[in-house]
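Which chain is which? The protein sequence lines are A and B, in order.
The first sequence begins at 1 in my numbering and counts up one residue at a time.
The second sequence begins at 1 in my numbering and counts up one residue at a time.
It should be emphasised that the hints constitute simulated quantities derived from the structure, not laboratory data.
Do not take every clue at face value.
As the list claims (entries may be wrong) - Now the stretches of chain B that chain A is said to cover, found in silico as 3 or more residues with beta-carbon under 8 Å:
| # | stretch |
| --- | --- |
| 1 | 36-43 |
| 2 | 54-62 |
| 3 | 121-130 |
Treat the numbers as computed from the prediction; the structure is a model and nothing was measured.
Ideal Cβ positions, reconstructed from N, Cα and C, are used throughout, including at glycine.
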Amino acid sequence: MVLPTPLKHVETADHLSKIISENENVMVCCGRMGPMCVPVYGVMEELQDEYTHVAFYDMMFDSPEARAIRNLPECASFMGLPFTVYFKNGKVAAATSSIQSRSQITSILDKEFGKA
Amino acid sequence: MKTHYNTIIIGAGPAGLTAGIYLARAKSSTLILDSGVAGGQMILTHEIANYPGIESISGYQLSSNMRNQAKKFGCDIMSGIEIVSIDFESTLKSLTLSNGKSFSADTIILSTGGRSRTLGVPGESNFKGRGISYCATCDGDFFQDKEIAVVGGGNTALEEAVSLTKYASKITLIHQFDHFQAFKHAEEEVKSNDKIDIQLNSKIVAFNGNEKLESVIVENLLTHEQYELRLDGVFIFIGYEANTDFLRGKCIALNERNEIITNEKLETNIPGVFAAGDALQKRFRQITTAVSDGTIAALYALEYINQQKQKTVTA
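Input sequences plus hints: build the corresponding full structure.
Okay, here's the thing in structure tokens:
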């Protein structure tokens, strides 16, 4: 089960572990195809070419495998989709809940992973 | 990238992208700027089933199709930009972006669209996604058996309040006026639902909590008494506003709701500046009406450019 976006998809919890172990900087947006999530996918799609040192992925929130994101301690207080998690060297560097603007996303990317 | 274009379109929703398609197809150089991502509010629509000729399509896909079509015809598109200064009154229009880049054009089309209105109350931005939501479909299931509030008195607020009763144990419906601005059937449905407590003449003045939203302060607008309402979530549905902040106090005429005033040619009060889409002063706001506006604005912009050229030749 994957989202119908042009982004690369995290398909399983094991797949997520592999991605974050093989990439220094990873952004994963875990959501649905709803109005709060779709704009974030759109921003990620546009940033992919600019932030080539970051691996951008989405993940279907309703997949049981998404527990790998949903159960992160950093997401414990989240009550709005999407859950967006930024991994640096395999560890959570930042996490946000609900819709984020392009400038909010790039400010986290710049801070945690360095500017494009 | 060029710095001068025949037309600069501000806003890449359906109105702006349609205008871009018409202008670029007519071999008129066109730059489309957007503060977010191309698609505008259309991108937020899960399924579009009333766009003629297409039985069903997601807003995401239709946005992508329109953007690709505009690019294919030769439009330059820049998203995620912020405009810091404008000069639209001169014959040569110009603007400067926050990254320091400046562009000029013979005509401007303002298609900046609209956005969901927020309350602007202390704590609102802190608890977005941690109790405050603007989308019942997206976040309703986080509030299973919890107490929540819905803010608003229009059709959307009332319909979403009823839909949220599938999840929440209790809903307080807070509205600032003494009556709803919704269809009678929506009002009756709310009033007959045991899970919904209606608080009219009231507004939220503060959001409180630590990691998550824990309570709100509600003020009765008649007595000015304030009380704390313990809850887990608040859904806000108080309508839309035009994205015209950067035009306020400038040369473009806006109405009392900050919507752009135009004539039937979609000309603003400034020659060479046109407007299209949801930021206009108008009644109906649909993708199809935005597309229509974009077409009209583009065709009149082309006519304006040609007239200006002829004037130059004659002179």
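Each hint tested on the structure:
{"no.": "1", "hint": "36-43", "verdict": "holds (count 5)"}
{"no.": "2", "hint": "54-62", "verdict": "holds (count 3)"}
{"no.": "3", "hint": "121-130", "verdict": "holds (count 3)"}
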